[in-house]
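The residues making up each chain are set out below.
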Amino acid sequence: MANRVAIVGTGQTFHKSHRPDVNGQELINEAVKRALQDANLSINDIDAIVIGNMDHFEGINYVDCWSVDGSGATMKPIIKITTGGTTGASIAIGGYHMVASGLFDKVLVIGWEKNSESDTTGAITTAFDPVWDRQVFAGAISGLAVEAQAYMARYGATDKDGARVSVRDRMHAMNNPHAQLRKTVTVEEVLESPMLADPIHLLDVCPRTDGAAAVIMASEEYAEKITDKPDWIWATSNRHSYTYLGDADYGRLTSMADCSREVFKKAGIKEPRKEIDVIELYQPYSFAGIIWIEDMGIIGPGEGPQYIHDGNTDMGGELPINPSGGVISCNPIGATGLIRCCEAAMQVMGKAEGRQVPDVNFAISTGFGGCWWTDMILHGSSKPQL
Amino acid sequence: MNKGKKKEMSEEFKGIEPMICDSKISVPYSWWAGETATKFLSSLRDDKKLLAVSCSDCGKSFVPPRKVCPTCFTDNTDWKELSGKGTIQSFTVARRQLASIPQKVPVIYALVKLDDADTAMLHFIEGVEPEQVTIGMAVEAQFAEKRNGTIQDIACFRPV
Amino acid sequence: MDNAAIIGVGMTSVDANRVEDTFADMAFESVRAALDDAGMTIDDIDNVITTSNDFWDGRTISCMAVGDASGAANKNVSCVEGDGTFGAFYGLTRALSGSYGTTLVTAHSKGSQSISSLITNAAFDPIYERSLGMDMVTACALQANAYMNRTGTTSEQLARVSVKNHGNALKNPMAQLGMDITVDDVLNSEMISDPLHKLDCSPVSDGCCAIIIANEERATKYKQKPVWVKGVNFCSDSYFFGDRDISRVRSLEEAAAKAFKMAGIKNPSKEIDVAEVYDAFTYQELLWLEAMGLCGDGKAGALIEKGTFDVNGKLPVNPSGGLLSGHPVIAAGLIRIAEVVKQLRGDAGDYQVDGAKTGVAQGVNGLSGQSHCVWVLGSEK
Chain V
1 MANRVAIVGT
11 GQTFHKSHRP
21 DVNGQELINE
31 AVKRALQDAN
41 LSINDIDAIV
51 IGNMDHFEGI
61 NYVDCWSVDG
71 SGATMKPIIK
81 ITTGGTTGAS
91 IAIGGYHMVA
101 SGLFDKVLVI
111 GWEKNSESDT
121 TGAITTAFDP
131 VWDRQVFAGA
141 ISGLAVEAQA
151 YMARYGATDK
161 DGARVSVRDR
171 MHAMNNPHAQ
181 LRKTVTVEEV
191 LESPMLADPI
201 HLLDVCPRTD
211 GAAAVIMASE
221 EYAEKITDKP
231 DWIWATSNRH
241 SYTYLGDADY
251 GRLTSMADCS
261 REVFKKAGIK
271 EPRKEIDVIE
281 LYQPYSFAGI
291 IWIEDMGIIG
301 PGEGPQYIHD
311 GNTDMGGELP
321 INPSGGVISC
331 NPIGATGLIR
341 CCEAAMQVMG
351 KAEGRQVPDV
361 NFAISTGFGG
371 CWWTDMILHG
381 SSKPQL
Chain G
387 MNKGKKKEMS
397 EEFKGIEPMI
407 CDSKISVPYS
417 WWAGETATKF
427 LSSLRDDKKL
437 LAVSCSDCGK
447 SFVPPRKVCP
457 TCFTDNTDWK
467 ELSGKGTIQS
477 FTVARRQLAS
487 IPQKVPVIYA
497 LVKLDDADTA
507 MLHFIEGVEP
517 EQVTIGMAVE
527 AQFAEKRNGT
537 IQDIACFRPV
Chain E
547 MDNAAIIGVG
557 MTSVDANRVE
567 DTFADMAFES
577 VRAALDDAGM
587 TIDDIDNVIT
597 TSNDFWDGRT
607 ISCMAVGDAS
617 GAANKNVSCV
627 EGDGTFGAFY
637 GLTRALSGSY
647 GTTLVTAHSK
657 GSQSISSLIT
667 NAAFDPIYER
677 SLGMDMVTAC
687 ALQANAYMNR
697 TGTTSEQLAR
707 VSVKNHGNAL
717 KNPMAQLGMD
727 ITVDDVLNSE
737 MISDPLHKLD
747 CSPVSDGCCA
757 IIIANEERAT
767 KYKQKPVWVK
777 GVNFCSDSYF
787 FGDRDISRVR
797 SLEEAAAKAF
807 KMAGIKNPSK
817 EIDVAEVYDA
827 FTYQELLWLE
837 AMGLCGDGKA
847 GALIEKGTFD
857 VNGKLPVNPS
867 GGLLSGHPVI
877 AAGLIRIAEV
887 VKQLRGDAGD
897 YQVDGAKTGV
907 AQGVNGLSGQ
917 SHCVWVLGSE
927 K
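Residue numbers (this note's numbering), protein chains in the order written: chain V, 1 to 386; chain G, 387 to 546; chain E, 547 to 927.
Since the hints were derived computationally from the structure, they do not count as laboratory data.
A few of these clues could be false.
Claimed, not checked - Straight line, CA to CA, 30 Å or less: simulated DSS-like cross-link-like pairs of lysine-lysine:
(1) V:LYS76 x G:LYS499
(2) G:LYS499 x E:LYS744
(3) V:LYS266 x E:LYS767
(4) E:LYS767 x V:LYS265
(5) G:LYS499 x E:LYS845
(6) G:LYS446 x V:LYS76
What the hints assert, rightly or not - Here are some chain V residues the structure puts well away from chain E; computed CB gaps all over 12 Å:
(7) ARG4
(8) ILE141
(9) GLU188
(10) SER193
(11) GLU271
(12) GLY300
(13) GLY302
(14) GLU303
(15) LYS351
Stated by the list, open to error - To give an idea of the interface, some chain V residues facing chain G are shown, with a C-beta separation under 10 Å as derived from the structure:
(16) LYS33
(17) ASN40
(18) ILE43
(19) ALA123
(20) ARG134
(21) LEU245
(22) ASP295
Positions of the beta carbon are idealized from the N, C-alpha and C atoms, including for glycine.
My request is simple: use the sequences and hints to build the entire structure.
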């Protein structure tokens, strides 16, 4: 019989641009220990471990095997799931299925990255097809710039609209002691920061970060013994449809639209704008914060800029987005999607400290990566009706 | 000898020689050693001393050192100096010049159990003919003349 | 565990160099074959798991190369990095989780496109070990030596594994290296790293495999008689060689014990009719059999000399020819599962083990057998 699954504990490092004091295994261990503490469990209580990062960012092959001292996987089942930038969300989904299947009751999910150790752009470029795409692709930013240009051309948005998203997220990060970048910015400062690829400025995009996050998922039977307020996983969905850059529909994130439809249908959500209380959006650059919430069906096409300008997605607004400060404030890539999941879980569990949104019933966390891929998880405070 | 099957090329591809694109990916790395490894490697470089660290809960002593005990999950804080002597648990003699091997073969790799620690470490064996190396042989760490804070500040282990 | 079954298998042949194929071509070919085998279309597949490795493929996000060729467009899909048996495990959990009824699992690599020594050297710890220059071959040679020292297993007994498996491969049209060789041929072949000769080592090959896993409800809806998953588990040992006794494999002992227990098997050596194990090197077949309890500890060498593990022996091991006859990393373990499925269906053609009803497939991840995944399969529910 398939199990209901809940997140019962989370842990993160205090993410920084460089962590010279620890090696990768030690970084992982910090997050693991915090998650165990949060759930009041010991490593002996864990039945299986799911881990993820992007290999070429650390230069270590068979990371699941290498990690065991830090991940606690000695003489336990450990498996590595990796899907590029969206790894953090994919591993959460992996942990969910491990428990839902009935094969394990308590699964530890770990996402991590030590981006300071490698040439991130050099590594990302190898994601793309060596024959067709790699020679014209210059790391993550170029593709994102194309998307922003396409959206601006279609709907008349400007770079000020993108900048307003950065302003929001950097403001939110001030409430999050785990975030890497904790300094507010203004629209002017964003527009004056160096141009990377038109219309994307330096302050429109995410940093590179060393950090780790861990989440403990438990079956219904155990979840209710471990915590009074589990974060129930209602639905998961993903679409990793594209391989070649030329196949994508620039200016609209089709994968986000497809995932949202699937998740909302599974959960019986008819008006996401009303029914969702908070979103932790994997938003690698500012414009995504406009475009992708339209694709999610929160508001209509082209309505994003005004919705955001009016403060609806700020703390205290109708639908806060990225209370954690999001990816623009912190990006240890293999962990980033899992941090979104952690933060959404903390919101549901009432553990989000200075960045808590009141009375959270439903939260969404997403992942983004690869060739315009989306992963999505719906979190809820009550048990899902299966 | 069974010949491997070559896939049948459909009509439109007949006569077209498959092209090969040669490429290399270049992703340079530097890894943070962290404080624990830094202490260990600095000791090799500066003092020509091999250190181990122990878990205060289970008492197991580790070389290479670990910041946290893998089974107890408690911080390891008890450092001690090792004699550098140990016993060969297993070894192999690389004869073919595999791409990963930095020196000219034959190269002897061994797993050496340090006398006063609970774990073993991988390293080279030198100063003995490959045919003379045995499991159980007593060996001792020999430090390199030029040391810069890497595991190769130990040049090799030699028979005692 | 709820009932689940494997209802389709397909693979490319295993070759030294599939120069006409990209990763996507291999994925498409094996997925097409698996769907045909199952009597399904891609629309009958509810979700997809691909298995690949970024280092072996030379691509970050290696799964991207095969996603659409594996039918993942507009479907839920994920990717495991590790041996195919691990990818299949995740695929199994997705068929049991209530979200999906059928999961397609693929696993691939092209050894011909890379320098394997450098790739496996990258599995060593960058701070304490990597600069020594060991790779999978020297690491496994180290383990082979420790195993032979502990158990008294001889080089001749190791060579018997190579003779048996290459000989078995002559009857397997998908195998790369079917050969009629002798123990002397193996012992006279080039010594790569003591005690492993060239013919003690598997080649590094190209290949892709696909299987389809279904929950109980969907398992009987298609062409094939289902092969049921009776028990499954995986387990990892310590990472640093010096932290474990490498002459033994406690992680495999654990994974196998749990998988057999799930399957209700008390005496594996008597109740298992066929085994496909991860013989990347000759010594591994013997060591893994002992660790799984398929024969007594230290006894595998003597038993292989008696012919116990021959195709017509008491416990046929690697009737397909195993990895010694062709080793596409990552796909390797998934092919072991596919081969057992074929045996239990009676579909193994010229290398069929008569009356096989229960079988075990095993895969390995990491250096010198650190992490293992064991699958126990049966033709009856």
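Going through the hints against the structure:
| no. | hint | verdict |
| --- | --- | --- |
| 1 | V:LYS76 x G:LYS499 | holds, 25 Å |
| 2 | G:LYS499 x E:LYS744 | holds, 29 Å |
| 3 | V:LYS266 x E:LYS767 | holds, 24 Å |
| 4 | E:LYS767 x V:LYS265 | holds, 26 Å |
| 5 | G:LYS499 x E:LYS845 | holds, 27 Å |
| 6 | G:LYS446 x V:LYS76 | holds, 20 Å |
| 7 | ARG4 | violated, 9 Å |
| 8 | ILE141 | holds, 16 Å |
| 9 | GLU188 | holds, 36 Å |
| 10 | SER193 | holds, 27 Å |
| 11 | GLU271 | holds, 24 Å |
| 12 | GLY300 | holds, 23 Å |
| 13 | GLY302 | holds, 25 Å |
| 14 | GLU303 | holds, 26 Å |
| 15 | LYS351 | holds, 26 Å |
| 16 | LYS33 | holds, 7 Å |
| 17 | ASN40 | violated, 14 Å |
| 18 | ILE43 | holds, 5 Å |
| 19 | ALA123 | holds, 5 Å |
| 20 | ARG134 | holds, 8 Å |
| 21 | LEU245 | violated, 18 Å |
| 22 | ASP295 | violated, 32 Å |
Taken one by one, the earlier hints fail for this structure at numbers 7, 17, 21, 22, listed in ascending order.
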